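Line by line, the protein sequences give chains A, B, C and D.
Its first residue numbered 947, the first sequence is counted upward by one per residue in the working numbering.
Its first residue numbered 947, the second sequence is counted upward by one per residue in the working numbering.
Its first residue numbered 947, the third sequence is counted upward by one per residue in the working numbering.
Its first residue numbered 947, the fourth sequence is counted upward by one per residue in the working numbering.
Hints listed in this document are in silico derivations from the structure and should not be mistaken for laboratory results.
When chains are identical, the list treats them as one kind, so a pair holds in a single copy or across two.
Using 25 Å as the maximum straight-line C-alpha spacing, the simulated BS3-like pairs for lysine-lysine come out as follows:
1. LYS1064 - LYS1170
2. LYS1107 - LYS1170
3. LYS1111 - LYS1169
4. LYS1259 - LYS1061
5. LYS1064 - LYS1259
6. LYS1137 - LYS1170
7. LYS985 - LYS1169
8. LYS1259 - LYS1243
9. LYS1170 - LYS1111
10. LYS1276 - LYS1208
11. LYS1137 - LYS1107
12. LYS1289 - LYS1243
Computed from a predicted model, the values in this text were never measured in an experiment.
There are 4 protein chains.
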Amino acid sequence: MYRFTCDYEEGCLPEILRLMEQTNYVQTPGYGMDEYCEKARGLIRNFCDAPEADVHFMVGGTQANLTAISAFLRPWQGVLSAATGHINVHETGAIEATGHKVLALESPDGKVSAKALKAALDAHFGDPHSEHTVQPGMLYISYPTESGQLYSLSELTELSKVCRKAGIPLYLDGARLSYGLTSDACDLTAKDIARLCDAFYLGGTKCGALFGEALVITNEALKKDFRYMIKQRGGMLAKGRMLGLQFIGLMEEGRYLSAAQKANRQALAIRAALEEKGISFLIPSPTNQQFPILTDKQLAALAPHFSWDFWEKMPDGRNAVRFCTSWATKDEAVEALVAAVQKL
Amino acid sequence: MYRFTCDYEEGCLPEILRLMEQTNYVQTPGYGMDEYCEKARGLIRNFCDAPEADVHFMVGGTQANLTAISAFLRPWQGVLSAATGHINVHETGAIEATGHKVLALESPDGKVSAKALKAALDAHFGDPHSEHTVQPGMLYISYPTESGQLYSLSELTELSKVCRKAGIPLYLDGARLSYGLTSDACDLTAKDIARLCDAFYLGGTKCGALFGEALVITNEALKKDFRYMIKQRGGMLAKGRMLGLQFIGLMEEGRYLSAAQKANRQALAIRAALEEKGISFLIPSPTNQQFPILTDKQLAALAPHFSWDFWEKMPDGRNAVRFCTSWATKDEAVEALVAAVQKL
Amino acid sequence: MYRFTCDYEEGCLPEILRLMEQTNYVQTPGYGMDEYCEKARGLIRNFCDAPEADVHFMVGGTQANLTAISAFLRPWQGVLSAATGHINVHETGAIEATGHKVLALESPDGKVSAKALKAALDAHFGDPHSEHTVQPGMLYISYPTESGQLYSLSELTELSKVCRKAGIPLYLDGARLSYGLTSDACDLTAKDIARLCDAFYLGGTKCGALFGEALVITNEALKKDFRYMIKQRGGMLAKGRMLGLQFIGLMEEGRYLSAAQKANRQALAIRAALEEKGISFLIPSPTNQQFPILTDKQLAALAPHFSWDFWEKMPDGRNAVRFCTSWATKDEAVEALVAAVQKL
Amino acid sequence: MYRFTCDYEEGCLPEILRLMEQTNYVQTPGYGMDEYCEKARGLIRNFCDAPEADVHFMVGGTQANLTAISAFLRPWQGVLSAATGHINVHETGAIEATGHKVLALESPDGKVSAKALKAALDAHFGDPHSEHTVQPGMLYISYPTESGQLYSLSELTELSKVCRKAGIPLYLDGARLSYGLTSDACDLTAKDIARLCDAFYLGGTKCGALFGEALVITNEALKKDFRYMIKQRGGMLAKGRMLGLQFIGLMEEGRYLSAAQKANRQALAIRAALEEKGISFLIPSPTNQQFPILTDKQLAALAPHFSWDFWEKMPDGRNAVRFCTSWATKDEAVEALVAAVQKL
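Excised from the complex, chain A in its bound form:
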């Protein structure tokens, strides 16, 4: 059985395990105030070319999102997001539990357009009775999106402009950032993201770490007292060094990108095999997640040897599913899947 259900089904890059072993008995202060976290922060600032940025290590993605969003908003504000955004549909109301509404913007591809953003802002701030509705206080986007889509440099630049004009932060959820940055379809860099966003996180969990996400805050106004929020929301790990070690392992020798590049290549090989069979896709994805639409019969043929994630039932009865590769996917698994697809 080869599993393609998601990109968090294995442990971590072996270099990270090695670091953990090498440092196991070294004594350090807790709560992220240790030398490893400090080193990892430096590597990340360097990676993003953002020497003044604050970097905080968070345990997971939902926690990074809820901590950042609730820290950045005032109580009467909500966060704009694509209706399909992770915070709107897959976090059990984590944002609302901090008191804030997710202001959902309909979007055909899971991306927020500058036009839709502007329309939402104009509708609110142009309303003479605006205090009766939630004030849009920031924009949340994911990169790649939940369906593997990428913003272009020009799209991100436009969003950033609209946000800055409106005085609201632009926050980017980079749970799968490495898969986006290394996609052939990507025309932007970590530096662009750091420059255009006010805060964002580099995913660790789905990109080769055991756990952990690196939240980068570039907007000076959002930096103050952030560690209080991490503690309050339950995210300040006593042995914070573990998170530092994850990101040292990811960042050193370019592993963060090279591991993702390989996974993208594998995903495209699977895509090519599916396309060759005339199988269509829910939405074309240039990253490590692929969303083919398969018949019950086709799925039954694959089921004995492969796993995937069910995505949604199509009106015609077929099934949109997700096949995911990761830093850990073996070539033999991909080859087996490609061969099986060819026999469908």
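Chain A is fixed; fit chains B, C and D onto it per the hints.
For chains B, C and D alone, coordinates are given in the frame of chain A:
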């Protein structure tokens, strides 16, 4: 430099690291639904002799506390706690951030007495205008307490009786549970705790794991839908298996207790050396935390070679400090400290 | 200038003012524990034929909604509502500020159908990973809806059945209840509502009172400790008797219904005049709110003498607006408006 | 039976009722945007000599407190208050329900001293691990306090200085402000309060209105978007004009002060009678609340003809109780009570 500042300054028991390595490339489902978590749950149920208990793995202690407390209370209820309880003083308002007041009970030694508990309940429920004050909805205790104290079996039994009569859950924070259970002064067992409490957690982070706490819910009424809360509060780790592996490593071959027993022995050796020098203590502790009161001069003599945690300034100018041992403390470190104390 | 902007532009029924004057110097206990509140509760129980119901007086509608919804839900649950529901669009995130997501159901006419409700419940509870999404915990409907629509007895019965089968409360926001109950299009009674819903409120503010809404809880399981919630959310009026007096004034001699009946009649007269001119409506309404679609020129002609509420811009440039009558609308105002419409 | 239980047992000043009658059929916009609210705001700005202040009308005291405090704080901050402060003990956790801890300062007389305030701020901001505890974000005081005490001009000036140096707002709960300002023991003015505090409210409910409190915000930084908060917390009255009318009635012709002055005079007459009988007091109060300590037998003698509020049981078995006068207390009631006291 030997650090005695706290019990989370190193990595983890080597057996845990080994498990992580051995299983690194095994593919499993995420979010704690894997075979390792399942195995760890069984080991813990067995350890507590609570075959029907629900066991959930939480990332850290503050998160375990805030998730459990906010799940168990209704919105108009608060949680009773010793004024010195961790949730009241060292979690940056994590409980209040979920909407609940911590109802602090004054206590000379950090323990809640059945008498004080009963008085608080009577005061509230006997008030004809009780709806103007926060309703006590559960009791939080820590074992050992923040200053290393233990409840006796008889004390815990009394608390449990009062809680059950009032219909409110008794919740025990066992961040350092293993140090309590293996103390010479302890007359209760994990089974007693499971039997007398409605929910509690076995600390992992401070007891030899990289991270993670195991929340055990024995009260049927508190079990429903708890995984929703873990997800909502940001605590559902994608690679949940890591937490399972921590507790397999701790539970197998009795390591959870044996590692703590050694640390307790070391702490008592340090205590003995201090007592021999006539040094007094803030409060006598039978566990791995010791709270001697030292002069500035004495601290200055120790500072080049040892670290500790500052606790509080005494009225006479001396300093109450904390020396902590852990599963990882080396005998040579203890010997060096003992020798240094003898020269004070 | 005659104002038709909304139904809360005047004071209150003169009989209420008289009651306030007559009782001004009578001394009573505070917080709703007085004889007037008690009498009003009896009148309302009688009105709804719900002798066992709990009745609480709330200051306003948003407060009634947020207090009831946050009291009834568990933290991981959200409230289902039509996307156009008042709690979803016009309360500045009041529900989310209590920690709960509003789960919006698209609806062409602002009503929730049993089918849409069932689909939402099935989608959630049929999902093997349901803990990653907000659990639907109750249903909110408004009667009449925000656009003046009514549920039929059969529709409400269906909704009630689905809710009871799923074990979730059905809550009805009756801000304009009296206008609904007295509409020619209404085929249900207050008794039906009390029987089919678990909780609902009889609007006072928009139905002739100075302020105040009467929350009726018929589901035994939702009654406990509700007064704590009123106090905590800032809604427990010290001089609670004022709210009791409002509802004595409304309920006595059938004023609650007769005042609304007159307003409905006036609204239909305005509708008839508009229809005669061939003016179309956003949505046909059988109650005191009418939503004609007028050109800029038509509005300009009316503007010197009448006020209304702007609703939305139509794609063709015309304007959907709202004309509202109330218990206080004078016949001369209606006659003037009808005459002006005839000249459009 | 004469009731002295509290100062909200009657309706309102007759002039307010008259205003409500006179304006009952005038049509105005809702939500406090009407001419009466505007006029009342002007009268209050004038009363406080604070021409630039923002004035908002709130329905009640708990709501004023929770709305202001949650608007002014950031999520990781708490509000400092005397342990006996209303927000800490008598609001059912309303502040915690907004996510913030009340940081209680012990105080013998219910007042916060500049020294205690400074100590709390120093303890927090001087702690190298401050992010593990709640950050003090504002100071709440009540004037008069819950036990009728007054801050002197010099005390308030000191508090204001410490707050401004620390950059935290000083907020004053003036539920009984008029009784404080007209006490013989008062050496400050409404203008002083407006100058020294960042926000405060003038109580209406307990000072002669049917309901309503006037929140005055003088600190520019706290003004922005406050109406959103009022709406979100359920406090934006549709017929907001009612609140405007209350404060026109209170402010015109100096009624706010003259009504309280009379009540203070009556309270002092009762105090004098009690003192003459050698009865001691829990705490001496120069305002409309008096806290004598009476035996069971003395209370039994008074019970047939008078009501009061039970305050607390004394160690010797006697009872501290509260006798309250108000704008509505009749001289005959005071005379009857004085006569009864003389016979004790």
